[in-house]
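Chains as they are written, first to last, in our numbering: chain A, 1 to 302; chain Z, 1001 to 1301.
Read the hints as simulated data drawn from the structure, not as lab findings.
No residue lacks a Cβ here, since even glycine has one placed at the ideal position from N, Cα and C.
It is possible that part of the hints are untrue.
Stated by the list, open to error - Listing some non-contacts, in silico: residues in chain A with all C-beta distances to chain Z over 12 Å:
| # | residue |
| --- | --- |
| 1 | D45 |
| 2 | N47 |
| 3 | P48 |
| 4 | A56 |
| 5 | L57 |
| 6 | A75 |
| 7 | P154 |
| 8 | T155 |
| 9 | A161 |
| 10 | W165 |
| 11 | L214 |
| 12 | N248 |
| 13 | S250 |
Unchecked claim - Just so you have them, the derived chain Z footprint on chain A, three or more residues with Cβ under 8 Å:
| # | segment |
| --- | --- |
| 14 | 6-19 |
| 15 | 131-137 |
| 16 | 180-189 |
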Amino acid sequence: MRHGKWPLIVTFLVPPVLLYVFFVVSPYLQAFQISTTDWLGYSADANPVGLANFKALWRDDYVWNALKNNGILLALVPVLTIVLGLFFATMLAMGGRKGRAGVTGVRGGALYRTVYFFPQVLSVVIIALLWKEVYHPNKGLLTSALHGLGLPSPTWLGDPATAFWCVLAVMVWSNVGFYVVLFGAAMSAVPKEIYEAVLLDGASRFTTLRRVTLPLLWDTVQVAWVYLAIFALDGFILVQLMTNGGPNFSTDVIGVRMYDTAFGSETKFGYASAIGVVMFFLTLSVAVLSLRIGRRERIEYS
Amino acid sequence: MTTLDKPAPAATTPTPTARRDRPVRRELGVANTLSHGFLLIWGLLTVLPLLWMFLSSFKTNGEILADPWGLPGALHWDNWARAWTGAHIGRYFLNSLVVVTGSVSLTMLMGATAAYVFARYEFRGRQFVYYLFVGGLMFPVFLALVPLFFVVRNAGLFNTWVGLILVYAAYSLPFTVFFLTAFFRTLPTSVAEAAMVDGCGHFRLFFRVMLPMARPGMISVAIFNFLIHWNQFLLPQVLMQGDESKWMLAQGLFALSVSQGYAGDYARLFAGLSIAVLPVLAIYVAFQRQVQTGLTAGQLK
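Isolated chain A (complex conformation) (with noise of 0.2 Å):
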């Protein structure tokens, strides 16, 4: 293999590299020494101002009222989606447990799973579009199907209040369905004989899930939370098509923030940059405390 290996090596290796570190490289590069500039765009003029932006950051209260949003769908989204997520996988994968020691999984499992998948593949654009219909406050699903119970009908994402839930309630539906295939996956490499053994000694469904499934499925359930936690620091398309931060700030999240100082109707580069740092320490220190807390000894089948 070793004769003449480098024109193979050079031709295969230099285009990729030279067009990832044009278009991927130099730009995160370059965010970082934008953002100790007061640029505006546009002009060439970009005075060097150190950390002012940043400075500027820390007294700037639409971004703590962005963070604090951020902050909630932290603590809630992959909570719940987990959760609900290991919940529809163990029922997948044994509700069906009948008799005495046979764990079959639900009749109809494959059906579920290929629906529960939908909105995996659906862009989040028709996701947020199409959810942003169904809160409608007169022609909406929920709306018209409260009043036909005869109950009244918050407005959904048009009052404050509700807002921020609705939104979250999206990002929960869009998520759950990956996340069952994905533990199912991971359970079906569990063996049976462990689930048969703890059915044998009369253990709870409940039990079984928190004292047998959960430890079983630890790694996974740990990536889990990290992609979770990252998406629910980003949150950026839902929220600017559904209700584009508002009502009133209601939903706004830092993503949008960004997004609208940058190419909004001013164009500050410098200060967007700096929340783009913000974002990106942020994004990296809550992957890595949520790896760290979440360490366990790994635990494998023989």
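Keeping the supplied structure of chain A fixed, place chain Z upon it in accordance with the hints.
Quick look at chain Z alone, frame taken from chain A:
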């Protein structure tokens, strides 16, 4: 679990369990109905909004306003026509198709060649370049957004499809390279060695032997990339701001939703959304296994 005591319960316990069997079975029956109930509810929650969208796309605007839960009185295909031509969803659909075809092909070509080198060749600095690529998995696109805008503009690629194709491909390389490197490593070396002994050159070896062998992995990643690129919104939103005729489907749908607020043509919006959803759902149902493996593998990287 040893094999010794495994058959024991089945052989020795028929009498005690038979006595307990009935109440246990009844309890399990209730649990079964319950679990089916929950599963069904979530299934409905998933399907209902989509079903509602499809049904509404065939209704008149009057029907949509009067009775959101009702069935369409007749199939109003003209909604679809208004969305397809009037709102230019057809054009945006084709635009997206052109760009995504280009970007997925480019991603696969660059990703496969780079991954092959990482998997099969030893040279100085290999680790460094490999981690440079894979490190990209860690960073959100967001951070790069502002500088990327200027990089693309200064390269004269702002508002062009070529620009989008190059950017999509560049941001897909980390995952593609990561996944395919692992995949090429799993392929047996004996075939490659035999081909080399027979005088097969390095390039021929890749295109005639290794690439065909890597097909299953290539298909999974290609589907994964297709979905990501097809559903992309942020990048075109920033890099394709101006020229409306070159917009991607997601941008067109967004504009349709915004204009619907003034025009009140709800049926057209639902038809537009349906046009965007149908092909993706069709691809998903057809390649279900690959899609699920591709996407879940993406998560478990």
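Verification of the hints:
1. Once the 12 Å rule is applied to beta carbons, A:D45 is consistent with being away from chain Z; the minimum gap is 14 Å.
2. Interface exclusion of A:N47 from chain Z stands, the closest Cβ pair being 17 Å apart, more than 12 Å.
3. Chain Z leaves A:P48 outside its interface by the beta-carbon criterion, the shortest separation being 16 Å against a cut-off of 12 Å.
4. With a minimum CB-CB distance of about 17 Å to chain Z, A:A56 clears the 12 Å threshold, and the non-interface call stands.
5. At roughly 15 Å from the closest C-beta of chain Z, the C-beta of A:L57 stays outside 12 Å, upholding its exclusion from the interface.
6. Every beta carbon of chain Z lies more than 12 Å from that of A:A75, the smallest distance being close to 20 Å; the non-interface claim holds.
7. With a least CB separation of 16 Å from chain Z, A:P154 remains clear of the 12 Å interface cut-off, as annotated.
8. Every Cβ of chain Z is farther than 12 Å from the Cβ of A:T155; the closest lies at roughly 15 Å, confirming the non-interface assignment.
9. With a least CB separation of 22 Å from chain Z, A:A161 remains clear of the 12 Å interface cut-off, as annotated.
10. The Cβ of A:W165 lies farther than 12 Å from every Cβ of chain Z, with a closest approach of about 16 Å, so its non-interface assignment holds.
11. Taking the minimum C-beta to C-beta distance to chain Z, about 17 Å, the non-interface status of A:L214 holds against the 12 Å cut.
12. The Cβ of A:N248 sits about 19 Å from the closest Cβ of chain Z, beyond the 12 Å cut-off, so the non-interface label holds.
13. No beta-carbon of chain Z is positioned within 12 Å of the beta-carbon of A:S250; the least distance is around 20 Å.
14. With 10 residues having a beta carbon nearer than 8 Å to a beta carbon of chain Z, the segment 6-19 of chain A meets the requirement of three or more and the stated coverage holds.
15. Check on the segment 131-137 of chain A: 4 of its residues sit with their Cβ under 8 Å from a Cβ of chain Z, so the three-residue criterion for coverage holds.
16. Residues of the segment 180-189 of chain A with a Cβ under 8 Å from some Cβ of chain Z number 3, which satisfies the need for three, so the listed coverage holds.
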